[in-house]
Each structure stands twice: as C-alpha cells, then as structure tokens.
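Taken in sequence, the protein lines are chains A and B. -6 is the number of the first residue of the first sequence in my numbering; add one for each residue after it. 78 is the number of the first residue of the second sequence in my numbering; add one for each residue after it.
It cannot be assumed that every hint is accurate.
What follows is a set of in silico ranges between Cβ atoms, one per label pair, in the way DEER data are often shown [as the list claims (entries may be wrong)]:
1. 310(B) - 84(A): 54 to 64 Å
2. 157(A) - 267(B): 35 to 45 Å
3. 54(A) - 97(B): 23 to 33 Å
4. 227(A) - 211(B): 32 to 42 Å
None of these hints come from the bench; they were simulated from the model. Quick reminder that beta carbons are idealized off the backbone N, C-alpha and C, glycines included.
Here's the letter readout for the chains.
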Amino acid sequence: MRGAWLLRLATVGGTVLILELLCRVGIIAGFTMIPPSQMATGLFQLLVSGTLLPDLKTTLSGVAIAVAAAILIGFLTGALLHAVPRLRRTLDPFFASYYAVPVWAFYPLCIVLFGLNDVPKVIIGFLYAVVAMIVNTLNGLDRVPPVLRKLARTHQMSRGATVLLIILPSAAPHIFTGVKLAIAYAFIGVVGSEFILANAGIGYQISFAYNNFDNVILYSLILFIIVFVSAINLFLYSWERAILQRRGGR
Amino acid sequence: MTAEASEAQVVLQNVTRVYARGATRPVHAIGPLDLDISKGEFFSVVGPSGCGKSTLLEVIAGLAEASGGSVAFEGTPTGGKVPEGIGVVFQEDSTLAWLTVWDNIAFGLRRRGVAAAEIKRRVDDVLRLMGLRDFARAYPAQLSGGMRQRVCIARTLVLQPRLILLDEPFGALDQQTRLLMGDEVLRLWRETGATVFLITHALDEAAMLSDRVGVMSARPGRFLEIVKTGWPRERDSRIAAHEEFGRLTSRLWSLLRDESMKALGYPTAAA
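Use the sequences and the hints to build the structure in full.
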C-alpha cells in the first residue's frame, strides 16, 4: 500500500524533474513550455496577488451549479427509470451511446437560447455530468440485494423508510461513484466551455493567455487546474475506498 | 412441553400459491396444503429442490400472499403482510453492510422506537447469547459467513419474536459449523420458548433439530407425510449418535427419494 503510494509519487516527481531538465537545457523551447518550477512560481504569484479569484469564483460556481443539478436530476431520473422498466428499456441505448455525442456541439445552440452568459457553460457541464449520475444510480439500485427488501418488510417498514434506511445506503457506493464522475465531467464541461466563448473563468483565462503568448500565466493556470481537480478526485477516491473497505470491497 | 399439548399458533388451511408468469403458463408452486404448528414447537420442512419450501415460508411470514386458502398466525389472517411477532432469517446474507454488528442487531428495535437504555440491554444480551460480544464494533464484511448468519439470527431474536422462520439459514456453511449452529438454535429455542419453523435441505439437520418434520413432494409442493421425531426438548447435535437418529434420517430419505428424482427429471420406481 505504502509502496504503491511511493511509486506514484516517484512517477509524478520523476516526470516533473524530466520536464524541468528538458526545459532548462532547451530541448523543449521556452515558447513551447516553461519549466515546472516557473509554473509553480507563476501560480503562487497569481494566487497571492488575488487576480485569479474572480475567475476562480466564476468557474467554481458554474461547476457547483452543474454538479448539484446533475446529482439531483440524475439521481431522480435514475430512480424513475429503475421504477419504470419499460421506459428504461426505451432509453438504455441512448445512455449507452451518450458519450459518443460531442456535447460541445450544442454550445452555439445554448448561446442562442440563453445568451452569452454563464448559463450555456453550466448547461454543458450539466449535460456532461448528468448521464454518469443516471447510469450509476441505476447500477446501484439494480444491485440492492432482493433479500434486503424482504428484510424491510419483515420489519414492517413503510416504502419511504425502506428507501431511506435500506435501499439508499445499500446503493450508496454506486451513487457515490456517480457523484465522483459527475464532478469530474462537470469540470471538463464548464472549463472546456469557458475556452470557447465565455468572458470569464479559468478556461477563459487559459485561452486568453494562449492567444497572447503568455506562457507563464497559461501554464500556471493549467497547473492550477490539474492540481485542483486531482486534489478533489483524490479526496473523493480516498473517501470511496474507505466506504468500500468497510463493506468488504477493494 | 410437548407439541400436542399446546394450542396451534400457525394454521394453514387448503393453502395454494400460484405464480402468474405473464403470457406463459402460471406456475403452481405449492398446495393445496394444511398445517397446524403448535406454540413452542420446532417444525422443519424438507423437500426436493424447487418444491416450494421457501414459498411456503414466505406465505407463512406474510411476505407472499396465498393464492387460495387461508393462513393465520395466532388466530389472525396474515393477508400478505408480515405480522408483529414473526421474525425471519433468510438463506442469503441479509446483514446491512453499512452498519456495525451492534447497529445491525439494534436496527429493528430502533425502528420500533424502543428506549436507548432498553436497546442497549437487549442488544448486549443477544450479543452474549450468540457469542458475538467481541465483534460488536465489527462490520459484516469483517466476519465469516457463519458469523454473519449469527448476526442475522441475533437481529431476529432481539425483537423477541414468538415465531421464528428460518429459511435454510445454514445453507452456505460447512458441516461442522452447521452442527454447532444447530446446537445454538436448539439452545435459543429452549431459552426463548419461541416456535421455530425451519426450511432445510439437510435431512440430518431436520432429524436432529425438530419435534416434527414435514416432508414435501416435488412441485406443486404438498406434505407427503409429517414425521414426529419424539426427541426430548433437551437435546443437541450429539443426538446424531443415537440409533433412532439413523432410522429417522433413512425414513425421511425413503419418503423423499422418489420426489427428488421426480424433481430432477429422473425415471422413478413408480414410473
């Protein structure tokens, strides 16, 4: 366990070190990439100066709304589809092929419908995240052992109590996976949308720096996105592992 | 106390259960069958695979409604609802994976709004009774299959049911553990005074544990015969050494052999 962590750390550290060397000796040209140490310094300065805060707030609020909507609507849709097998059979092929559809193709349509503001990027983030939530909610509900529903009946539990005390906790690991994926997909959707037509946000700032050949800001922001999203996912991954270990999973 | 001297706690009259299967032919699972189970009796059911043993248990428990006939528990028809006073232990692991052993056992008491101090007393008592005291804070995944089944039995016992329905609770256990679990069930039966209805596919288990054994036919399941064991109430797995035990087991097998062959589609002597 500890060995695996050390190996991961060594892989990341080694890659950073190699990049640093390649940039420092000029094998990777300065206008292509700056050394990782310079990225870290640039990011530090951006964070300390506070210039990043308004864009960070814009992006994170967009992601938060997209995630919250995806979790709520995804969960309710998953529960509805589980309860109505005929509807599920009809929609199953759409879910199976959903991620083959480039959701960004709808971005112009969203702008026409909602205007050039934060709504289109939230919708794109939501569209990316919601199906992961639906599919994982369905997986979770499918895997509730039938004997637990019988157990609920032997305890004279109402339908509401059965859902709250038996079905949801039993399906929780899969629903949790849905939440984890929804957060990751919402980030992709929102930050990606900011690249295209937004006028604020981390994605917009990366795009702006790229168009102005400002490699320090460009790479500092890329580093920020990587570290921030990895930290969130690492936290969720550790939490998920703790839940699964307690339940006898891996 | 003998079964004959006690009043009937469970009464089944002309009970049938038919499963509708959409457009295909309905499946006649059990019946018609009649059965009286006396208060405090240990009654077991054996029968070939698929004969409807578990269906019978579900009908008695109120988990499934009889398609015909009537089922009454302590004089009240069950009508497809599990009445208060009945506890069920299922064949499958039904521990709640997200709760500790202690919380699993306390689950039903909390649902009923029992006071915290009373919950603690009863759960601790049952943990001691079932030899689970050292595992109170463990999660089910950290226990063996046998211990998880003990948690399920404990969760049922803590509610002090008057009728305990056991659906092949030791099915997944090895022979030694089965025998020891059988001893524990007998001890609990004596200590609690509850009526026990056990479904099993193990003839020796039925012969060892029961006051009476109902032998079921191949589907649709009916009682071919109800065999009285005549064992004293104070008994344990060592009764297997008794010569009557061998006679009893072979009597059960002789009743079951043809039915088991029928269930498997083999030609029988009668055919």
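Hints versus structure:
no.: 1; hint: 310(B) - 84(A): 54 to 64 Å; verdict: holds, 59 Å
no.: 2; hint: 157(A) - 267(B): 35 to 45 Å; verdict: holds, 38 Å
no.: 3; hint: 54(A) - 97(B): 23 to 33 Å; verdict: violated, 54 Å
no.: 4; hint: 227(A) - 211(B): 32 to 42 Å; verdict: holds, 35 Å
Hint compliance for this structure: hint 3 alone is broken.
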